[in-house]
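If you count the sequence shown from 1, you need to add 770 to reach the working numbering.
Honestly, the hints are just simulated from the structure, not real lab data. Note that CB positions come from ideal geometry on N, CA and C, so glycine has one too. Worth double-checking, as some hints may not be accurate.
What the hints assert, rightly or not - Calculated pairs, EDC-like style, for lysine to aspartate or glutamate (alpha carbon to alpha carbon, straight line, at most 20 Å):
#1 Lys811 with Glu781
#2 Lys827 with Glu781
#3 Lys789 with Glu810
#4 Lys782 with Glu807
#5 Lys811 with Glu796
#6 Lys830 with Glu781
#7 Lys789 with Glu818
#8 Lys827 with Asp802
#9 Lys827 with Glu807
#10 Lys811 with Asp795
#11 Lys830 with Asp802
#12 Lys827 with Asp795
#13 Lys789 with Glu807
#14 Lys827 with Glu796
#15 Lys830 with Glu807
#16 Lys830 with Glu818
#17 Lys782 with Asp795
Claimed, not checked - Derived Cβ-Cβ restraints for the label pairs, each shown as a range:
#18 Val806 with His777: 17 to 25 Å
#19 Glu810 with Cys775: 17 to 25 Å
#20 Glu807 with Trp774: 15 to 23 Å
#21 Leu817 with Glu781: 30 to 38 Å
#22 Leu817 with Lys782: 14 to 22 Å
#23 Leu778 with Glu818: 29 to 37 Å
#24 Gln816 with Lys782: 34 to 42 Å
#25 Val809 with Pro779: 12 to 20 Å
#26 Lys782 with Val809: 33 to 41 Å
#27 His777 with Leu823: 28 to 36 Å
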Amino acid sequence: MVSWCHHLPGEKGRFYALKGQLPGDEIASLPDNFSVESVEKLRVPQLEGERHLVIIKSNKV
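With these hints in hand, go ahead and build the complete structure from the sequences.
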């Protein structure tokens, strides 16, 4: 996602990615100019399985 949309957020902009299981491999493969600001575990009523909100920020100066 960030490789296609890296130019979209402003200086304080963020990407919000809704994921199922915690995507450790995707987080590890983020380009150097992006980092994970936080990961929030979500509970969705009447839905089994894991859900996470991954908040990604740009490291550009």
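Outcome of the hint check:
no.	hint	in the structure
1	Lys811 with Glu781	violated (26 Å)
2	Lys827 with Glu781	holds (9 Å)
3	Lys789 with Glu810	holds (10 Å)
4	Lys782 with Glu807	holds (12 Å)
5	Lys811 with Glu796	holds (16 Å)
6	Lys830 with Glu781	holds (8 Å)
7	Lys789 with Glu818	holds (14 Å)
8	Lys827 with Asp802	holds (11 Å)
9	Lys827 with Glu807	holds (6 Å)
10	Lys811 with Asp795	holds (17 Å)
11	Lys830 with Asp802	holds (10 Å)
12	Lys827 with Asp795	holds (17 Å)
13	Lys789 with Glu807	holds (15 Å)
14	Lys827 with Glu796	holds (15 Å)
15	Lys830 with Glu807	holds (14 Å)
16	Lys830 with Glu818	violated (37 Å)
17	Lys782 with Asp795	violated (25 Å)
18	Val806 with His777: 17 to 25 Å	holds (20 Å)
19	Glu810 with Cys775: 17 to 25 Å	holds (20 Å)
20	Glu807 with Trp774: 15 to 23 Å	holds (20 Å)
21	Leu817 with Glu781: 30 to 38 Å	holds (35 Å)
22	Leu817 with Lys782: 14 to 22 Å	violated (32 Å)
23	Leu778 with Glu818: 29 to 37 Å	holds (33 Å)
24	Gln816 with Lys782: 34 to 42 Å	holds (35 Å)
25	Val809 with Pro779: 12 to 20 Å	holds (18 Å)
26	Lys782 with Val809: 33 to 41 Å	violated (19 Å)
27	His777 with Leu823: 28 to 36 Å	violated (23 Å)
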